[in-house]
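Peer 1: The lines below spell out each chain.
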Amino acid sequence: MAQDGLPDQQFDRTGARGIPGEYLVVKELVVSEFPLADALWKDYHETTGDPAKDRIFGAFFQGDLVSLARCRRHDGGFEVDGIWTPPPHRNKGYSRMAVGALIEACHNDDLYMYAVSHLTGFYARFGFLPIPEKDLPDPVRERYTWAAGNLEGAEVLPMVRRAGIGAIFVRPLTQ
Amino acid sequence: MTQILRGLSPMKNPVQRNRILIILILSLASLGANLFGMIAGVTIVLSHLLYFPVILASYWFPRRGIAFSVIITALYGLLIAFFGPDEQLLDILSLSRIAMLIIIGTVVALLARNLAQSEQQLHDIIEFLPDATYAVDKQGKIIAWNRAVEEMTGKMKSSMLGKDQTDVARIFCGEDRPMLSSLVIRGEKISPVIYPEIRQESGKLVAERYLPNFSAGRGVHLRLSATALVDAGGNVTGAIESIRDVTDQVMMQEALENANHRLNTLSGILRHDLSRRLAVLYGHLRLGVMKFNDPEVITFIAGIKEAANSIMRQIEISREYRDIGATQPTWIPVQDAFQSAAGRIEIGPVIFHAWTERLEVFSDPHLSTVFYHILHNSVKSETGASRIIATYRICPEGCAIIIEDNGKGIAEPQKASLFVQREDSYGRGLFLANEILSITGMTIRETGIPGQGARFEIRIPSEGYRVEGMY
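Protein chains in written order, with my numbering: chain A, 1 to 175; chain B, 1001 to 1471.
In case anyone wonders, no lab produced these hints; they're calculated from the structure.
Be a bit skeptical, because a hint or two may be false.
[Claimed, not checked] Which stretches of chain A does chain B cover? Using the computed rule of at least three CB atoms under 8 Å from a CB of chain B, they are: (1) 89-95; (2) 116-125.
[What the hints assert, rightly or not] Derived lysine to aspartate or glutamate pairs resembling DMTMM-like cross-links, with alpha carbons at most 25 Å apart: (3) Lys42/A / Glu1468/B; (4) Lys1204/B / Asp1273/B; (5) Lys53/A / Asp1245/B; (6) Lys53/A / Glu1435/B; (7) Lys53/A / Glu1463/B; (8) Lys92/A / Asp110/A.
[Stated by the list, open to error] Just a few of them, taken from the derived set where beta-carbon distance is under 7 Å, the chain B residues facing chain A: (9) Phe1292; (10) Ile1324; (11) Gly1325; (12) Glu1357.
For each residue, glycine too, the CB sits at the ideal point set by N, CA and C.
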């Protein structure tokens, strides 16, 4: 296993990264796999993917999608969200793999997110830094207008990962 | 369009041939009817008959339309003066009729003159087209035959207008066979026997043919293209066909292909000979390693082997270069190209991730060779790279594929000459990569920071990429 949590093997037959024999694959979802993501996100605010705007990265274990991360393109910037691992699959590093894949694939753009407060440390390891809400691009900020400026109360924190920070090979500290 | 072409052709239908007679008869009839009416005491309605000769004369003879209207009006005035009731001569109705006749004649004459001018312009466009061009109506009769086709065939327009399009086939092919124009009109199924490479291009029917007996038996290669003439309702009313002599181009292409074939054969022989000599050299080097124990000699032999490896790689590159541009560019899944490139490289402990699953680019089929040479440079032990990432980003000018590693990078002075042909071996592969990319308008540059890793950025024009489900 690489330090970033992504499997070391380069390609399997489908072009995904995985470790033969361990049945673990991390890959960007193609359009025909978006319904798999929609099904997994059913328990995550019923989020759905849009191929026109989204790049979705997923970890598959023994052929089953077990963790997701999404990079959505807005007019004013890119938002990372939809990071979700169903409870039965947690604490196995799958989320780290999915987010790591997303960061590797999308690190050439500024990436914004609303991080759940207790996960800010997790995202900080990928290079995300807290920022004032006003620094978020409008289309991203509008998603949390319901919080009416009280993000602390909503237990979310705006964060950004700047393009070109040099960390193309993300190495979050292993627990 | 057909009407315009027909209207301009010297071939007149009976109505057109007898236009003066028709106007004369209509004028006499309408004046006679008015005379009869005046004698009989009918002074209304019948004057409207005069509009017919006025409108027709102004339409057919725009330049004389106004004069004709004035003459008819004057004759009508004379009839009123001599045969009409006294009070009619200056009454408002008579004067308004006279004014209306002149106005209508003037307006129709002006409109007809404008119409004739635009028809003439269109006629001139066809007449002076550089390509031999003719047009036929729906019945297959020739209605236009321009100067270029006169020069190509030696047949004058006057002798061809009105003839059937089968005569065109006889002129070009020496036999009865459908021209493209007749296929367009009749909507017939295209016979590949007659036109082996016939195809549709932007609504046109296009084909190439070699005519061995044409041009005084010297033979010509012709490129034919035909399209339908349609009316405002979209109905086919005829067809227009252009014929271009492409003999010079075909000969040039054949000459280039022959030269290319010979060069490829020669370079193939050279490659083969070099490979054989290298095999012998490798054999000697293996023996040398076994025979000598002196570390200095072993180092010396290792240097020779490294040089031999470089020569082998040059041979491989020249083999790849031979095929560049030989196949049509096509849409290529980028992930597959990376997969193919990575499969050709002894990647060792270096970790390589490509995140380009949904991306396709319009490229020469050797795109994987581009990636191969970039990856090949990154995995060299002297770069110190342990990881390589390939991904893409959408930017205002198009898309960029970015391949970066965490090695020591490329020093600034080296960057400028990375993609140019050089004497030493390092830059040859990247030169080749640049050549492949440039075929479809892509560019490559190195944007890494020395000390932090190499970063190759391939810029793709906006029309040259697509992301599955996105564009």
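Peer 1: A separate judgement is required for each hint: does it hold in the structure or not?
Peer 2: Results for each hint:
1. 89-95: n = 0 at 8 Å, threshold three: violated.
2. 116-125: It is violated: at least three residues are needed, and the region 116-125 of chain A offers just 0 whose Cβ sits closer than 8 Å to chain B.
3. Lys42/A / Glu1468/B: With a Cα-Cα distance of about 24 Å, the restraint between lysine 42/A and glutamate 1468/B holds, given a limit of 25 Å.
4. Lys1204/B / Asp1273/B: violated, 50 Å
5. Lys53/A / Asp1245/B: violated, 50 Å
6. Lys53/A / Glu1435/B: Between lysine 53/A and glutamate 1435/B the Cα gap is close to 33 Å, so the pair fails against 25 Å, i.e. violated.
7. Lys53/A / Glu1463/B: holds, 19 Å
8. Lys92/A / Asp110/A: violated, 28 Å
9. Phe1292: violated, 39 Å
10. Ile1324: violated, 25 Å
11. Gly1325: violated, 27 Å
12. Glu1357: holds, 4 Å
Comparing the model with each numbered hint stated earlier shows that hints 1, 2, 4, 5, 6, 8, 9, 10, 11 do not hold.
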